[in-house]
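Colleague: One letter stands for each residue in the lines below.
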Amino acid sequence: MSLMMHHYGLPLSEAMVFGLSGALMFAYLPFVKLGGMPLIAYRSRPRAIIKGLQKNLGIKMKMQTFSHPAEGTKALDSLLEQGKIVGAQTSVFWLPYFPEEMRFHFNAHNLIIYKKEGDEYLISDPVFETPVRCETQALQKARFVKGVMAPKGLLYYPVHVPETINYAVVLPKAIKKNAKAMLKTPVPIAGIRGIRYLAKAIGKLEQKDRRYAKLFLGHIVRMQEEIGTGGAGFRFIYASFLQEAGKLLENPLLGESSEMMTLVGDQWREFALMLAKAIRSKESQTTDFSTLKAKLESVADAEAAVYRKLLEGNLV
Amino acid sequence: MDNSKVPQHNISTYANNKKAIYATDENGKYGIITSSGWDVEEAATKQALQELERLAIKAYDQALSGQASPLYFHMYNRRMDLQTLAQAMGMFQWRIKRHFSPTAFDKLSAKMFARYADTLGISVQELRELPDRRANGA
Chain A
2 MSLMMHHYGL PLSEAMVFGL SGALMFAYLP FVKLGGMPLI AYRSRPRAII
52 KGLQKNLGIK MKMQTFSHPA EGTKALDSLL EQGKIVGAQT SVFWLPYFPE
102 EMRFHFNAHN LIIYKKEGDE YLISDPVFET PVRCETQALQ KARFVKGVMA
152 PKGLLYYPVH VPETINYAVV LPKAIKKNAK AMLKTPVPIA GIRGIRYLAK
202 AIGKLEQKDR RYAKLFLGHI VRMQEEIGTG GAGFRFIYAS FLQEAGKLLE
252 NPLLGESSEM MTLVGDQWRE FALMLAKAIR SKESQTTDFS TLKAKLESVA
302 DAEAAVYRKL LEGNLV
Chain B
14 MDNSKVPQHN ISTYANNKKA IYATDENGKY GIITSSGWDV EEAATKQALQ
64 ELERLAIKAY DQALSGQASP LYFHMYNRRM DLQTLAQAMG MFQWRIKRHF
114 SPTAFDKLSA KMFARYADTL GISVQELREL PDRRANGA
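Heads up: the sequence lines are chains A and B, in that order.
Here our numbering is used: the first residue of the first sequence is 2, the next is one more, and so on.
Here our numbering is used: the first residue of the second sequence is 14, the next is one more, and so on.
I should point out that these hints are in silico values taken from the structure, not numbers from a laboratory.
Possibly wrong hints are sitting among the right ones.
[What the hints assert, rightly or not] Dumping the calculated SDA-like pairs for lysine to any residue here, alpha-carbon to alpha-carbon at most 20 Å:
| id | chain 1 | residue 1 | chain 2 | residue 2 |
| --- | --- | --- | --- | --- |
| 1 | B | K59 | A | R104 |
| 2 | B | K59 | A | S282 |
| 3 | B | K59 | B | P20 |
| 4 | A | K153 | B | G103 |
| 5 | B | K31 | A | E15 |
[What the hints assert, rightly or not] Short derived list, chain B residues pointing at chain A, Cβ under 7 Å:
| id | residue |
| --- | --- |
| 6 | K31 |
| 7 | L77 |
| 8 | Q96 |
None of the values given here were measured: they were computed from a predicted structure.
Note that beta-carbon positions come from the ideal geometry of N, C-alpha and C, so glycine has one too.
Just chain A, with the same shape it has in the complex (with noise of 0.2 Å):
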């Protein structure tokens, strides 16, 4: 997204678009599948980022989805034909650029494409360090895969930004609202609520199947760290928006939050470490669930305790 906003003339780090669309999130939603396991989400649906993004800076985004995939591709050839850069939505199965290991069929990546070249696309994937390539064909079958978080082709790109953005406005508003959101959550499955309601579920699997216990250790695993980019469920890069918005409004309350976010982020990359110990144990011995239950909890009132500075605090 940051690539795509240079392009437009807003030079934003990735940092702070991820920040300014609120984009921070968890949730806990066991009754939505992801190769048998709860589906755990750490930030927002990209399309709940776009539109995050759209209202917190007055950027008009164009967001479109296709039936056909042939009329997807076509529009996406089309729109950087006009020298546009464009988002997209894929299945990470299809992309061959992904390590084979790290092929699993998970519907919400997010991609920027850059530009075609004969058959093939330049694409920012944010998962790698450098630009990656993509024949025609497998683009299209990655945008078009149905079944959970179907991307359904979804492009989207800007078509209206501003020229300045007034910081002291947008950003304590936006930060406000995303700890609002995490702290004042109406279901018992998303914010900090959905941290304490994984926690005792996490307790709840002394009762259930070992191999199931251990395989939904390590799908919290993966949800955090292999989907979550940046490390640590989006945490630290939310650390360093909070840090580039302190020093943007020079406020310190905000680096404050900062350093405090860090340590939230290095909890959970604790809490995995403590995971990926469990799912390694030998059969012989038992998992202490309830430790682990109790570390996740820490962790979200780590976590609350961030929220409830930046809501309470005058961040201007």
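Once you have looked at the hints, place chain B on chain A.
Modeller: Just chain B, lined up with the frame of chain A:
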């Protein structure tokens, strides 16, 4: 996370690629560090792969002994499960399940074979057969 603590475990699941991690320098300033992987992530990815492999091997044996159709094997071999396959095909699960029976599977139309093959990303010929065990590593 401190720069110096960003793991560089060169994990096999990255296949020599690197991921971007956000970490702080000695002054606490955030930057992007490339990481060759964290063994924690590798353990979780491998666990998921091993589980799918286990299911694929079981399915292979069942297909070999005529208890299930090759489709049952190919589903797991392509890292799908019943729900994923059904949704990718745009079909109800009960219909897919029916096609796990060798007799029902053999009676499918050419069009249906083509649909399954396309969804799984294999050829129709591959779909209707089981790969050689040795080549499969099973």
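Colleague: Run the structure past the numbered hints and jot down the numbers of the failing ones, going up.
Modeller: 7
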